[in-house]
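There are 2 protein chains.
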Amino acid sequence: MATGFSSRALVRSVPERIGDRVVLRGWVYRLRILATTTFVIVRDCTGEVQCVAASARLRDKALKLDDTVEILGRVRSDTRARLGCEVDIEELRVLNAAGHKLPFNSSADLSEVGVEARLEYRPLAARSDSVGDAFRVQAALLASFREFLTARHFTEIVTSKIVASGTEGGTNLFPIEYFDRVAYLAQSPQFYKEHGVAAFERVFETGHVYRAEPHASSRHLTEYYSLDLEIGFIDGPEDVIELERELLTYMFAEINERHAALLARHGRPPLPSLEHAPVWEFGECLERLRSAHGTKHLRDDLDPEAERLLCALAESEHGVAAVFVLGFPLSNRPFYTAPRGSAGAAQSFDLLFGGLEITTGGQRLHERAQLEAALRGRGLDPDDFASHLKMFELGMPPHGGLAIGLERLTAQVMGLANVRDATLYPRDRYRVTP
Amino acid sequence: MATGFSSRALVRSVPERIGDRVVLRGWVYRLRILATTTFVIVRDCTGEVQCVAASARLRDKALKLDDTVEILGRVRSDTRARLGCEVDIEELRVLNAAGHKLPFNSSADLSEVGVEARLEYRPLAARSDSVGDAFRVQAALLASFREFLTARHFTEIVTSKIVASGTEGGTNLFPIEYFDRVAYLAQSPQFYKEHGVAAFERVFETGHVYRAEPHASSRHLTEYYSLDLEIGFIDGPEDVIELERELLTYMFAEINERHAALLARHGRPPLPSLEHAPVWEFGECLERLRSAHGTKHLRDDLDPEAERLLCALAESEHGVAAVFVLGFPLSNRPFYTAPRGSAGAAQSFDLLFGGLEITTGGQRLHERAQLEAALRGRGLDPDDFASHLKMFELGMPPHGGLAIGLERLTAQVMGLANVRDATLYPRDRYRVTP
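As given, the protein sequences belong to chains A and B, one line each in that order. In this note's numbering, each residue's number is its place in the first sequence (first place is 1) plus 8. In this note's numbering, each residue's number is its place in the second sequence (first place is 1) plus 8.
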């Protein structure tokens with residue numbers, strides 16, 4: 009029997025092949041060497057299966073956990089096994105041995121391994137379910153975000169991350185030596201996705217954004233992955249909120265369906281529908297915080313404590329720990345934000361979920377004259393935004409949109425306290441490796 | 009009748025609503041003002057529909073092409089119309105007027121507009137099918153790439169684009185001022201996707217890569233979008249080639265199905281299956297070029313002319329203008345490339361498609377000792393790659409992978425001569441705006 013790649017059986021297919029000889033390739037995930045019999049649990053990207061041989065036959069292989077191996081064996085029905093079968097090993101070949109001193113093994117529970125070691129040995133940590141599952145969920149969040157929007161006639165766009173200036177006037181930018189000039193890493197695809205509305209009406213982009221913010225908190229990264237969308241022909245931010253409500257409800261239902269076993273092994277309850285998540289005005293939120301918790305220090309924005317308290321209030325009143333906060337003070341929002349009434353509020357919202365802000369969105373100004381006035385009102389010079397403002401004369405619909413931080417969303421879905429555990433290779437003030 | 013966003017009808021749904029009053033929102037795509045009757049073709053993200061009113065009733069709206077409008081009207085069956093119906097306008101409201109002097113209109117054929125104007129007025133150009141269709145195809149290529157791989161048990165990963173050093177020893181990197189140190193924009197996710205194999209066995213990433221190459225040719229960009237995949241437990245580069253053959257055949261069939269009308273309006277034939285695309289050894293390619301075309305100057309690599317000629321040879325022999333060239337000289341490939349035999353060839357391939365290289369791939373070295381020897385052989389110091397080499401002791405399977413340039417692939421699919429026409433916001437030596 010040839011043992012090549014093309015004849016290899018994925019673990020998932022083994023239960024359908026009882027009685028057959030199969031070729032498996034994978035990692036030694038667990039290993040139990042008894043006097044007469046050796047049990048090798050082999051893991052590949054589709055699951056784990058127990059393989060069995062007489063210990064004497066495997067002795068010269070010096071098998072260790074996390075070695076990569078090829079096994080030729082015969083599938084035998086075994087009702088005690090999780091898959092309903094085992095594999096009797098006929099031949100075993102070590103493809104590439106793991107080192108003799110690993111900091112941990114992929115079958116270990118890594119919750120007691122520090123975050124630094126989990127990052128330093130990323131591939132080994134991510135091979136374990138305790139760390140790797142967050143990234144499987146992240147991939148499914150990405151896929152379902154794109155699926156939902158594509159079905160709603162959104163076009164995926166790819167926009168440049170090398171820009172001549174910032175979208176908000178030039179703070180917290182990383183400069184790039186771009187041949188003989190300076191350029192910057194984009195803080196957001198904001199301008200490009202607004203231009204995208206003028207082109208395609210509905211657009212989304214999934215990509216990195218960059219913030220040169222010196223703090224290194226459990227919720228901030230200098231490079232994060234943003235799920236951006238922008239939609240034309242809306243009446244107001246409520247249309248964007250409704251879209252996000254349906255979007256996240258879809259995404260969460262997909263995670264519940266595709267990853268039920270994964271959520272269960274992390275002790276996570278199924279993700280909620282956001283159908284009943286309330287929309288509270290910003291002023292109303294301050295009122296609620298004051299009357300329920302005596303919070304008095306907030307004026308123009310919420311803080312992490314307020315985000316937690318508001319989610320708890322939403323949960324007790326509406327059964328879901330999520331709330332859309334609408335109508336933030338305009339002074340705290342970017343120049344392109346549309347005003348909400350004339351009392352200084354913005355058509356701008358945050359979504360707080362599980363105690364953390366995971367989205368900022370809103371309606372944008374769509375007329376050139378409004379944008380010029382807004383820039384001047386903030387002491388910015390419209391001439392510095394000339395190439396952007398020009399796009400508002402090409403037939404720009406009323407529009408709005410939002411951005412979801414993928415790492416934060418993943419952390420909330422998985423119950424992780426630090427966004428670094430939802431980032432394969434996090435970047436912060438002090439970290440640029442691995 | 010309310011005319012809000014939630015009651016708005018997308019053009020695609022209009023034929024199902026004959027006899028109903030509907031609210032449309034979109035752009036004035038075409039406009040024909042006769043003495044008594046005015047015809048307004050309204051376009052939204054789902055299509056175009058003809059709307060009709062007495063000219064006198066619309067006169068004070070001063071309608072122009074590319075204005076954004078809302079129309080309240082009644083759907084009337086009309087067998088002469090493309091959709092089988094028209095809309096009798098009852099009310100029309102201009103949502104945001106286009107400027108009075110546009111460089112072109114979105115309904116124009118932009119093939120006679122220069123590439124610079126198409127880039128400068130990107131949203132307006134992309135609103136036209138002549139420019140925008142390439143991006144609709146691009147989005148479908150992205151979606152089908154991810155679908156195929158997800159169904160084959162690949163995990164999508166997101167890796168950092170801010171790195172401490174290059175993957176190939178430090179040339180052509182863009183430096184970033186990263187707080188008080190220098191970092192660089194990643195040239196490739198190569199190292200991270202190899203680490204990804206050690207974690208998840210099969211990974212893909214779609215994201216930007218950066219090359220500080222000063223030339224500004226029709227096929228090079230300083231920032232491009234790379235479709236990367238890496239797969240573990242292979243036997244050789246032929247397994248990667250077979251995977252790409254199936255991957256692209258799937259992607260092309262999806263484009264043929266989802267975008268048949270689009271391809272037709274650009275005069276593009278359906279995309280081919282790559283089932284019969286040949287695999288030719290590099291030496292065999294030089295031989296073929298010599299005997300068919302007298303080409304004698306090539307030694308270590310192909311050039312653009314050779315890529316065109318080889319595709320033409322493949323087309324005449326196998327009916328498809330695509331060829332996998334395998335076994336490039338090792339000296340021209342990165343240090344991590346596995347050798348093919350002992351005569352200086354590499355387990356490395358390119359895919360030439362329609363006359364252009366759109367993929368580089370191959371099998372990689374997977375043992376630490378091999379990598380250290382390869383680095384030393386190129387005068388590089390293994391200590392400079394310590395954090396990368398460490399990952400090869402954690403249980404690294406034999407592996408390989410490939411990268412497809414999304415802009416090049418899009419250009420080949422659409423028959424575009426310049427990759428800039430397949431890039432919303434291209435970056436090159438001289439361009440960082442818009």
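Accuracy of the hints is not assured; some may be wrong.
As the list makes no split between identical chains, a pair holds if one copy fits it or if it spans any two.
DSS-like, lysine-lysine: derived pairs with alpha carbons at most 27 Å apart [as the list claims (entries may be wrong)]:
1) K69 to K398
2) K72 to K398
3) K398 to K304
4) K69 to K304
5) K304 to K72
6) K109 to K304
7) K109 to K69
8) K398 to K109
No wet-lab data here; the hints were simulated from the structure. All figures in this text were calculated on a predicted structure; none of them were measured in a lab.
Going down the list of hints, with the structure as the test:
Proximity of K69 to K398 under the C-alpha cut-off of 27 Å is restricted to the inter-copy arrangement: shortest distance 23 Å between copies versus 69 Å within a copy. When the C-alpha separation of K72 and K398 is checked against a cutoff of 27 Å, the pair qualifies only between copies, where the shortest distance is 18 Å, while the shortest distance within a copy is 64 Å. Proximity of K398 to K304 under the C-alpha cut-off of 27 Å is found in neither arrangement, the shortest distances being 44 Å within a copy and 52 Å between copies. In this assembly of identical chains, the alpha carbons of K69 and K304 never lie at most 27 Å apart, being 68 Å within a copy and 51 Å across copies at closest.
With identical chains, the CA atoms of K304 and K72 are never at most 27 Å apart, being 60 Å at best within one copy and 53 Å at best between copies. Taking the closest pair of Cα atoms, K109 and K304 never come within 27 Å of each other, the shortest separation being 55 Å inside a single copy and 53 Å across copies. In the homo-oligomer, the alpha carbons of K109 and K69 lie at most 27 Å apart inside one protomer (17 Å), although the nearest pairing across protomers, at 77 Å, exceeds that limit. In this assembly of identical chains, the alpha carbons of K398 and K109 lie at most 27 Å apart only when taken from different copies (11 Å versus 61 Å within one copy).
Of the numbered hints stated above, those contradicted by the structure are hints 3, 4, 5 and 6, listed in ascending order.
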